[in-house]
Amino acid sequence: MEFLTILYFVYTFIAFYFLMIYILVYFQNRKEIYETIKPNKIRSLSIIIPCFNEEESIGKNIESFLKSDYKGLKKLIIVDDCSEDGSYEIIKKYARIYPKVIALQTPKNTGKASGAKNFGIKYVDTELIGFSDADSLPNQNAISKMIGVFNDVKVGGVTSRVFVSNPTNYLTRIQSIEFKIIAFTRKLLEFLDAIYVTTGPLSIYRKEAFDEVGGFDENNLTEDIELTWHLVSKGWKVKMSIPAIVRSSVQKTIKTWFHQRIRWNVGGIQTVAKYRKKFLQTGMLGVFIMPFFILSWFLGLTGLMFLAYRLIKFIMIKWLITQYSVAAQVALVSMDNFSLNPSILFLFGMILFSLGLGYTIIALSYSKESGRIVGYRIRDIFIYSFFYLLVYPPLLIVSFYKYLRGYDTW
Amino acid sequence: MTHGKMLKSKKHVLWEALVITITIFLLGLFLGMILEGSNSIKINNLFAQSETSLIDAMTISKLLEDSKFDCEVIKQNNIDFADRIYEEAKLLEEYEESGKLTENMKVLHKKYDLLRTLVWTNNQESLKFCNNYNLIIYLYEYNSEEINTRAINNVWSKILLEVKESNDDVLLLPIAADQNLASLDLLMSYHKIEQFPALIINDKDILQEIDNVKDVETYLN
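Keeping their order, the protein sequence lines are chains A and V.
Heads up: the first sequence runs through residues 1 to 410, numbered per the working numbering.
Heads up: the second sequence runs through residues 411 to 631, numbered per the working numbering.
Honestly, the hints are just simulated from the structure, not real lab data.
Computed from a predicted structure; not experimentally measured.
Treat the hints with care, as some may be off.
Cut-off 27 Å, straight-line C-alpha distance, at most; resulting in silico cross-link-like pairs (DSS-like, lysine-lysine) [as the list claims (entries may be wrong)]:
| no. | chain 1 | residue 1 | chain 2 | residue 2 |
| --- | --- | --- | --- | --- |
| 1 | A | 274 | V | 421 |
| 2 | A | 278 | V | 421 |
| 3 | A | 318 | V | 516 |
| 4 | V | 520 | A | 38 |
| 5 | V | 500 | A | 313 |
| 6 | V | 421 | A | 234 |
| 7 | A | 313 | V | 421 |
Residues from chain A that face chain V, not an exhaustive set, calculated with beta carbons under 7 Å [stated by the list, open to error]:
| no. | residue |
| --- | --- |
| 8 | 17 |
| 9 | 321 |
| 10 | 326 |
| 11 | 330 |
| 12 | 343 |
Calculated from the model, a selection of chain V residues having no Cβ within reach of chain A, i.e. all distances over 10 Å [what the hints assert, rightly or not]:
| no. | residue |
| --- | --- |
| 13 | 457 |
| 14 | 487 |
| 15 | 608 |
By construction, the Cβ of each residue, glycine as well, lies at the ideal position given by its N, Cα and C atoms.
Based on the provided sequences and hints, a complete structural model is requested.
Below, the structure is given as structure tokens:
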């Protein structure tokens, strides 16, 4: 058997295995996906929101938290990272009106959300500590839906489900599909104790757990991934509440989207590098999360390699044949060019693709709180499945390159 | 539902998924091998028939030496037979493209090349006596993965197919030259052919370069 054939089988085996995990977890737990745990007591909570040049959204963000139905929300700490617009004035205005709003400003711009977040931590004296982004708007009941998981004393953190608040163009609509699939997948991973990130738009941590890991790593570009891995490595459980919905705006242009994804990828690479010694060690971090992360890279890169190899070879051969055929004045295409005997590799690929598409449709059917199947534009799903996902591997290559060059830009 | 139940981890699913994946993979590979095996049986059956036809053709050629038979019969017999193994070769090629798990088709390809070499030698004799048709031996590189070689092979095949379609008396035999067949190597060395692709027309003219159909037709009787 040829080397490429063997590599293809390894690729499809791993991809098939991951998909099978998701499918099995879904079928075994589908009735529990929307379950909310009732809190056994009111736990005091502080929310920290870093802010840099967000004068357009910070007011709405503060108001959405003030409308929260959770009785234990004691402090809303807004940390302005030396904004150059009127953000800090708006924050101070809210602080004057609402006693639970605390306006803070860092002595100098930290350049990263983690810097502002860590600055705000000093002012927290509650049992729980939460974080949000200045452009995110949680539902009124979002926090209430998350708190119950802390009944389990081993739970260190809980994350929410992010919906896109500005699906106005192709890019944002496709990101909306992407975020829904990511949220659904993350929920499935919770059943394996394998959540690998607590998202920026809204996540809550037990203060004791947060203190144990020493807060956010300011040297990491994805401090939320790093924090989650740190918690899991210390034996804390991380959960997700699907009914807890927070709406957040996403990148509207290819340029800013590209920059954001590079940052996410480089942050992921930084995190893997930091925890490399945990690889295949005991605990879900080493046994599942890290291999899962690394194998996902492998899948992305080998998939790209296969596609590029086959495509380039196909194009070059067709180009040469066309050139020679024209010179020789013979037919460009003959019936011999069409084969009705697909190879086993093609069939494996088709099965994998069909299962992947089926998974996408199941995940999208869970995009409303009730779990009803909702309508999507077929065109957007098509673009997501056939084109958008293809951009991941090249992004990964660029990210590896940037990581090696010491990329450190927020 | 109790939160204890909800928070209970379900890592056994990793094993279950692994077992299902392995089962499906083994089943897929098994079915793939059965499919390739069935294709191989089909080609083997065709090969057995062709072998019989070859012996038949060789017997006719032998009889020809006694000048008992019409050359027209010999010509038609040889061309029909060559056409049939040409069609079988196309089917073999199609199965070869889809065969990824076993080496059966490669072995069969070699057997067909040997068969075609035998047809070549048999026709050398027939041509000497009759000389009423054209024999084109097309020698190409089979094992090369080079894109340029594959493109040239493709275009040469199309040129030769056009030659064959516009000339009823052409017996075309494409033979893979790099199959390590001693008899074929001997024939090639006799004709001093070291580069491929190459054409041997009527066992005398050797072409290493062709640009179009006319280049070949110039050498036909």
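Verification of the hints:
1. A:274 x V:421: Distance ~25 Å between residue 274 of chain A and residue 421 of chain V Cα, so the pair holds.
2. A:278 x V:421: Holds. Residue 278 of chain A to residue 421 of chain V sits at ~19 Å (cutoff 27 Å).
3. A:318 x V:516: The given pair, whose Cα atoms are some 24 Å apart, holds under the 27 Å limit.
4. V:520 x A:38: With a Cα-Cα distance of about 73 Å, the restraint between residue 520 of chain V and residue 38 of chain A is violated, given a limit of 27 Å.
5. V:500 x A:313: Given pair residue 500 of chain V, residue 313 of chain A holds - Cα atoms ~22 Å apart, limit 27 Å.
6. V:421 x A:234: holds (19 Å)
7. A:313 x V:421: Violated, at roughly 42 Å.
8. 17: The hint holds - residue 17 of chain A has a Cβ within 7 Å of chain V, the shortest such distance being about 5 Å.
9. 321: holds (5 Å)
10. 326: Interface hint status for residue 326 of chain A: violated (10 Å vs cutoff 7 Å).
11. 330: Holds: closest Cβ of chain V sits about 4 Å from residue 330 of chain A, inside 7 Å.
12. 343: holds (4 Å)
13. 457: Residue 457 of chain V is indeed farther than 10 Å from all Cβ atoms of chain A, at 18 Å.
14. 487: holds (26 Å)
15. 608: At roughly 16 Å from the nearest Cβ of chain A, residue 608 of chain V sits farther out than 10 Å, so the non-interface label holds.
The structure is inconsistent with the numbered hints 4, 7, 10, although it conforms to all the rest.
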